[in-house]
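Protein sequence lines, in the order shown, are assigned to chains Y and V.
Here the working numbering is used: the first residue of the first sequence is 436, the next is one more, and so on.
Here the working numbering is used: the first residue of the second sequence is 49, the next is one more, and so on.
Simulated from the structure, these hints should not be mistaken for lab results.
Be aware that a few hints might be false.
Said to hold, decoys possible - Cut-off 25 Å, straight-line C-alpha distance, at most; resulting in silico cross-link-like pairs (DSS-like, lysine-lysine):
hint : chain 1 : residue 1 : chain 2 : residue 2
1    : Y       : Lys809    : Y       : Lys764
2    : V       : Lys187    : Y       : Lys809
3    : Y       : Lys809    : V       : Lys160
4    : V       : Lys58     : Y       : Lys841
5    : Y       : Lys475    : Y       : Lys463
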Amino acid sequence: MSTVFQTQQLAALNASNGWLTAINEAGKAAFAEAQWPSRKTEAWKYCSLKALADHAFDAAATASTTAEQLAEITQIAGLDAYQLVLVNGQLQAELSSAMALSQVSLFSGADAEQQTLIADRLQQARLQPGHHLFNDLNDAALADGVLVQIGKNSRLDKPLQLVSISTGDNHVVNSRVIVVLETGAELTLIEQFASLANDSSFTNNQTEVLVGDNARFNHYRLNLMESDARFIGTTLVDLQRDANYDSFHLGLGSVLTRNDLIVNHNVGGSHAEIAGVYVPKDSQLVDFHTDIEHRVAHCTSNEVFRGIINDQAKAVFNGRIHIHKDAQKTLAELSNKNLLLTNKAEINTKPELEIYADDVKCAHGATVAQLDNKARFYLQSRGIGEQEAQVMLSFGFINELLDGLKVEAIGDWLRPVLAHRFGRDQVFSAEQTGDL
Amino acid sequence: MISIKNLHAKVEDKPILKGLNLDIKPGEVHAIMGPNGAGKSTLGNVLAGRDGYEVTEGSVVMNGKEMLELEAEERAREGLFLAFQYPVEIPGVSNLEFLKASVDAVREHQGKPALDSVNFLKTAREKIKSVNLDQSFLKRGVNEGFSGGEKKRNELMQMMMLEPQLCILDETDSGLDIDALQVVANGVNAMRDPNRSFIVVTHYQRLLDYIVPDYVHVLADGKIVKSGGKELALELEEKGYGWLENGEA
Chain Y
436 MSTVFQTQQL AALNASNGWL TAINEAGKAA FAEAQWPSRK TEAWKYCSLK ALADHAFDAA
496 ATASTTAEQL AEITQIAGLD AYQLVLVNGQ LQAELSSAMA LSQVSLFSGA DAEQQTLIAD
556 RLQQARLQPG HHLFNDLNDA ALADGVLVQI GKNSRLDKPL QLVSISTGDN HVVNSRVIVV
616 LETGAELTLI EQFASLANDS SFTNNQTEVL VGDNARFNHY RLNLMESDAR FIGTTLVDLQ
676 RDANYDSFHL GLGSVLTRND LIVNHNVGGS HAEIAGVYVP KDSQLVDFHT DIEHRVAHCT
736 SNEVFRGIIN DQAKAVFNGR IHIHKDAQKT LAELSNKNLL LTNKAEINTK PELEIYADDV
796 KCAHGATVAQ LDNKARFYLQ SRGIGEQEAQ VMLSFGFINE LLDGLKVEAI GDWLRPVLAH
856 RFGRDQVFSA EQTGDL
Chain V
49 MISIKNLHAK VEDKPILKGL NLDIKPGEVH AIMGPNGAGK STLGNVLAGR DGYEVTEGSV
109 VMNGKEMLEL EAEERAREGL FLAFQYPVEI PGVSNLEFLK ASVDAVREHQ GKPALDSVNF
169 LKTAREKIKS VNLDQSFLKR GVNEGFSGGE KKRNELMQMM MLEPQLCILD ETDSGLDIDA
229 LQVVANGVNA MRDPNRSFIV VTHYQRLLDY IVPDYVHVLA DGKIVKSGGK ELALELEEKG
289 YGWLENGEA
């Protein structure tokens, strides 16, 4: 039986989008046949889709927003970046920097060579492990997208900040980003998802990245939507020889925030460094599903996710490491630590190791921890009350990962946002302590 | 200042302190020496109010207040400070935010006006310089990745910021080289004041060359078995603790 959501989305699909028709049709056929996930569907077991299933969405809205409103929710103070702004999935040239615009192409404006490249990436994506019905929907609805291409041995001198904002009530945005780094290229990409207040829209995003030989990709994926926003996102990363992927993922929390991350080590020598934080509160749900595919020998990965779950919120972390038969000399580490702040908060954490090679080093661990009593006593012995000590330590648990961010401005910007979330504002601003 | 009477305490059901008495007047420095396992560190932890140390008998009265009835943070706000033997590392909590929260809590309790962030930062910069730590230590996580000596100096720095009435130094000298020891001793000496008292717990006489005590006590098997002036420390250095433990004193 299909849901209101499925019926409605199918009906809304356009017949044809030019050279993308083949992918549209493949997606549509698969989506039409897809079984709606239930408690019995392993990949969605703890991720309720109630917020989507029987919700009637409108077609994409055209709510008007002022530049000031947008600036307020998108500006990362202290960050020097080229900004590209999409509102409800539409590129806003007047809100974007000229440099950013010159670095990207839209699928709709792609030349023949780019069309081949894009089509190839889209086809590859359909074959990825964990491919699900929202990926099908994304393919089915695909009319346009953003292509970022960095040429051989080049780099952008500043980070590229890709801001996606939903503004209207109750609409659906399918968004697609493809990033291709050629041999020796470097890029820092900040994907920032935001929404205006009281926005019960649904964003279905898919970002695919090809990191070429010896290329470096620094990736920040920040889910900063308001509480009502629904978000399902997939990130696919293909790593070529000696490629480096360094990423940070944030799920601030909303009624539905689901993220899938698939990293493929395709050729030897590549390294993936993945950090993530989730902090749902109230009745929010945040789900991170990660899958590191070690397909070949001599690759390394290190993954650290931390979550603090408050009120009656729920979080899911599923971290899979798949070491294929030929992937000898793999080094893979995975750690997931969680703090539950109340009796009703819930975490479902599952590290999943599948190892078919015999000469590998692989460590994993998941904990649902209490705060460190020694640390708490230390704070109390300095006059800090028990409750405040608790708040400071909870924040510290997350802040440890912010301290490690390469783009410091993001850490400096997120620190007060998260501190406020834990009920204790930071005393010192980044400006005050800048010279320390 | 503080009066400890007949203090008995257990750790995991094992009696460690067995009737300890100590009276300290304002401005005095008391050294407590003794063999390993005598209960030296237990004394500091019991006074500071650490969980897991069960007081079974006795009283600790500071400035007319019974300390044993107070929570750890309340004791700190009353002016009691323990410089830890092994300061804990707290990654993610910046030294500066921690110090500010601590100083705010103590000053508020003592009815002193709060320091604004600008003045606080100025004072913190001065103090951290005086203990020979780089300014960057203010921004780092509390004790995170600090060497042993740096941790001890960070304890001293906190003590300077909080200006406590009773400072308990728990083996602050252990593991320090002479340069670091002098930094710590100079800091402590600079804080000596007619209204501030010190309990200096140490295993080695060396520290007392730099922090000259008014009294030296020997703690053995949970009790003070001998008290004297600073010359007692030298005698202990020469003869060891055996003659006291054997009950010959």
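Do the hints match the structure? See the list:
1. Between Lys809 (chain Y) and Lys764 (chain Y) the alpha-carbon distance is near 38 Å, which puts this suggested pair outside the 25 Å criterion.
2. Proximity of Lys187 (chain V) to Lys809 (chain Y) is assessed by CA-CA distance (about 21 Å); at most 25 Å being required, the pair is judged to hold.
3. Taking the CA atoms of Lys809 (chain Y) and Lys160 (chain V), the gap is near 29 Å; set against the 25 Å cutoff, the hint is violated.
4. Between Lys58 (chain V) and Lys841 (chain Y) the CA atoms are separated by roughly 48 Å; this puts the pair beyond 25 Å, and the hint is violated.
5. A distance of roughly 24 Å separates the Cα atoms of Lys475 (chain Y) and Lys463 (chain Y); the hinted pair therefore holds under the 25 Å criterion.
Consistency note: the structure conflicts with the earlier hints numbered 1, 3, 4.
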